[in-house]
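Using the sequences and the accompanying hints, generate a full structural model.
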Amino acid sequence: MNELSQQSNNQSLIPVHVQLEYQNLTDADIQHVIDEQITEKHCTSLNLSGNQITHKGVTMLANILKNNKTLTILNLDANPIKAAGIRQLADVLKINTILSVMNVQYNEIGDEGVQYLAVGLRNNTALKELYLGGNNIGAVGMQYLADTLANNTTLTKLDLSQNQIGDTGIEYLSNGLRNNTTLTTLNLFSNQIGPSGAQHLAHAMRNK
7 MNELSQQSNN
17 QSLIPVHVQL
27 EYQNLTDADI
37 QHVIDEQITE
47 KHCTSLNLSG
57 NQITHKGVTM
67 LANILKNNKT
77 LTILNLDANP
87 IKAAGIRQLA
97 DVLKINTILS
107 VMNVQYNEIG
117 DEGVQYLAVG
127 LRNNTALKEL
137 YLGGNNIGAV
147 GMQYLADTLA
157 NNTTLTKLDL
167 SQNQIGDTGI
177 EYLSNGLRNN
187 TTLTTLNLFS
197 NQIGPSGAQH
207 LAHAMRNK
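Numbering (my numbering), first residue to last: 7 to 214.
Derived from the structure by calculation, the hints contain no laboratory data. As the structure is a prediction and not an experimental result, all values here were calculated from the model. Treat the hints with care, since some could be wrong.
What the hints assert, rightly or not - Subject to a maximum C-alpha distance of 30 angstroms in a straight line, what follows is the list of computed DSSO-like cross-link-like pairs (lysine-lysine):
1) 62 / 72
2) 47 / 100
3) 72 / 88
4) 134 / 88
5) 100 / 88
6) 163 / 62
7) 134 / 62
8) 100 / 75
9) 47 / 72
10) 163 / 88
11) 100 / 72
12) 62 / 75
13) 100 / 163
14) 134 / 163
15) 88 / 62
16) 75 / 47
17) 88 / 75
18) 62 / 47
19) 75 / 134
20) 62 / 100
21) 134 / 100
22) 72 / 134
23) 47 / 134
24) 163 / 47
25) 72 / 163
26) 47 / 88
27) 75 / 163
Stated by the list, open to error - Now the in silico label distances, taken between C-beta atoms and shown as ranges:
28) 45 / 205: 45 to 53 angstroms
29) 29 / 90: 17 to 25 angstroms
30) 192 / 34: 35 to 43 angstroms
31) 195 / 104: 24 to 32 angstroms
32) 37 / 204: 41 to 49 angstroms
33) 33 / 201: 42 to 50 angstroms
34) 29 / 157: 37 to 45 angstroms
35) 103 / 202: 38 to 46 angstroms
36) 156 / 135: 12 to 20 angstroms
Note that the Cβ used here is the ideal one computed from N, Cα and C, for glycine as well.
Structure, rendered in structure tokens:
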């Protein structure tokens, strides 16, 4: 029995990468993905980018991920999950202690979605990389995120590229970064940032 238990533990450590990007998957396919890839194969990385998954499919995923102990990378890039779907994933972040990388770029989550994420990340101790590019996020979203970044001690990489953050948003973000001690990579490409925003960011970096 002990030998079998040890074999099972060793097997669970083997990385299992599942690539299901651009397969025209819809919410109707998600339960099958959960059963076969997460429950049976115990996948450690799941790529569902470029499909047609909405908040309904994400809700099903979130329900299983709350207590999941194997999935460390989740890629939902370019799916119409919007703020309603992000709300479900934010609830996962509140209690999940395994998920370390989450990609939700190009999901139209907006400032509302960032508000949900900020709450989910507040006490999260596992997520290290978060990709939020191309999500119509503005200054208001940065205000929510700044409060979380000031206290988060886990996140090391944050991608905010191709949003609408602007100088005001950068000012909010910079205030949060001043007290952050773990973030090492920040992508702000294409965010309408002018000299004023750059100055705020430079001051924040100088004080770290």
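Quiz item: Given the hint that residue 72 pairs with residue 134, does the C-alpha gap stay at or below 30 angstroms?
Solution: Measuring from Cα to Cα gives roughly 17 angstroms; hence the hint holds.
Quiz item: Within 24 to 32 angstroms or not, the Cβ separation of residue 195 and residue 104?
Solution: Because 30 angstroms falls inside the window, the suggested range holds.
Self-check item: Pair hint outcome, residue 47 versus residue 72 [Cα-Cα no greater than 30 angstroms]
Solution: 17 angstroms, holds
Quiz item: Does the alpha-carbon distance linking residue 47 and residue 134 stay inside the 30 angstroms limit?
Solution: With Cα atoms ~24 angstroms apart, residue 47 and residue 134 stay inside 30 angstroms; holds.
Quiz item: Does the alpha-carbon distance linking residue 75 and residue 163 stay inside the 30 angstroms limit?
Solution: 22 angstroms, holds
Practice problem: Mind checking the alpha carbons of residue 134 and residue 100 for me, to see if they're no more than 30 angstroms apart? | Solution: 14 angstroms, holds
Quiz item: Taken at face value, is the distance from the CA of residue 62 to the CA of residue 163 at most 30 angstroms?
Solution: 28 angstroms, holds
Quiz item: Should the hint that residue 103 and residue 202 are 38 to 46 angstroms apart at their CB atoms be regarded as holding?
Solution: 40 angstroms, holds
Quiz prompt | Proposed proximity, residue 134 with residue 75 (alpha carbon, max 30 angstroms) | solution = Satisfied, since the Cα-Cα distance of roughly 16 angstroms is no more than 30 angstroms.
Practice problem: Compare the distance between the alpha carbons of residue 134 and residue 88 with 30 angstroms, and conclude whether the hinted pair is satisfied. | Solution: Measuring from Cα to Cα gives roughly 22 angstroms; hence the hint holds.
Practice problem: Mind checking the alpha carbons of residue 100 and residue 163 for me, to see if they're no more than 30 angstroms apart? | Solution: 19 angstroms, holds
Practice problem: Measure nothing beyond the straight line between the CA atoms of residue 163 and residue 47; if it is 30 angstroms or shorter, mark the hint as holding. | Solution: 28 angstroms, holds
Violated hints for the displayed structure: none, as all numbered hints are satisfied.
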